[in-house]
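*Asks:* Following the hints, put chain V in place on chain W, whose structure we already have.
Number of protein chains: 2
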Amino acid sequence: MADRIWTAALVVIGDEILSGRTQDRNVAQVAAWLNVQGIRLAEVRVVADREAAIVEAVNGLRARNDYLFTTGGIGPTHDDITVDAVAAALGVGVVHHPEAMAVLTEYYATRGGLTEARARMARVPEGAGLIVNRVSGAPGIRIGNIFIMAGVPHITAGMLDSLTGTLEGGRPVVSRTIGGWIAESEVADLLRDAEKRFRDRGEIAIGSYPFFREGRVGANLVVRGPDAALVADCVADLAAALRAAGHETVDGGI
Amino acid sequence: MADRIWTAALVVIGDEILSGRTQDRNVAQVAAWLNVQGIRLAEVRVVADREAAIVEAVNGLRARNDYLFTTGGIGPTHDDITVDAVAAALGVGVVHHPEAMAVLTEYYATRGGLTEARARMARVPEGAGLIVNRVSGAPGIRIGNIFIMAGVPHITAGMLDSLTGTLEGGRPVVSRTIGGWIAESEVADLLRDAEKRFRDRGEIAIGSYPFFREGRVGANLVVRGPDAALVADCVADLAAALRAAGHETVDGGI
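Chains W and V supply the protein sequences, listed in that same order. Our numbering numbers the first residue of the first sequence as 1 and each following residue consecutively. Our numbering numbers the first residue of the second sequence as 1001 and each following residue consecutively.
Some hints here could point you the wrong way.
Here are a few chain V residues that face chain W, going by a calculated C-beta distance under 10 Å [stated by the list, open to error]:
no., residue
1, Ile1017
2, Leu1034
3, Val1046
4, Arg1118
5, Pro1210
6, Val1217
Just so you know, these hints were derived from the structure itself, not from any lab. We put the beta carbon where it would ideally sit given N, CA and C, even for glycine.
Looking at chain W on its own, in the form it has when it is part of the complex (with noise of 0.2 Å):
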């Protein structure tokens, strides 16, 4: 029986990362977080902190995927519009929600006391939940399929591993390397042949990544498949069909 595949989108926002000043961290954490939830991120954008890019990209993917979640605008300055795009693209208003003025109450207690700029931090599209913030005290937001959070990666990181668990999910994919000092070019047909052999046999798909280092070329093969003993078969088989064309493999990739 096929398993079901659980797919999340992410949508990044922020013009600090189109303008190329901040390299994105959270496309990869939040990839690698979710595979060890068994769910896939199947797509992600990014896109300016203005309304209508946002809601453009929130409605685009929150029907087709079984989850949405966006990282960035969420803190308390003018640049910040991402709990009211998504109330907009929900077609809801937005609020102050009791419990996060409470966190935010307590947490600024000590911190100068809560101001109208930070009380922002408690508004949330009508109708949502928090999602805890173990870092920083303004909680991230969850609505239905849609999972709002900060921008700044260990504060992500703090929310998504407050979610850890939480989600349903299938199967985590699995993936395992084998690399080598070979020419990607001269193995094109026998990586193309090794995944139709197995194409039958359950979601199996091989990834090939070349690059150049210490002044020579080489490559690393990565077989990535929600069934674990599908995926060893396979990188055995692999294996041995680079090695009857006389290429050495190193296990764990190079």
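*Replies:* Okay, now just chain V, sitting in the frame of chain W:
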């Protein structure tokens, strides 16, 4: 007179990014390069190595931006399907480009010869031209407003380099940063007011990027716009307003 704003979109193609295996570097480098050309990176999508996903992204973005860039999926192996997907998006066939064949024949003359797999890298959507690759032989591809580039960041960089100065753009966005050991929630109103004061004078945006370092919170405030004099005015205004509120700032950011 308001300048015309030139925009670009980027489609990052690759399972390795969505699986979390590989940290993308191309969004930041393409963004920074575009900015020097006077072109804004308006939106980014990361999609899997699946033709339907690439076609949707390419067709969704190419019409509403002046330029569309793709990175990834143009190597010699079975998982490299970008050329076929872009051709499908445009409704044209795929041909071997004679000049690309010549480039690859020469490149592989001393590297074991041009095999069928390697000749795959000469395939282009019908009607396309080439983007010079000074790093590793196989060229990038240009068709209409679409620029198909390699996924390996240093090869992408070489392709961008060969496009430098060849694309029409507007005035580059300049940005200036001032930083302070300031909780951004304390200065949110002040930032909003500063942006309002300048909004009517031309395109200007103030971004606030909080951080936590050496046990203290701080924020870098980034003023962006195409008019360098206006950006400088806004930075001076902002620094004065912060000083009046008791906050020291550091030019260039912290």
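*Asks:* Would you pick out the hints that fail for this structure and give their numbers low to high?
*Replies:* none
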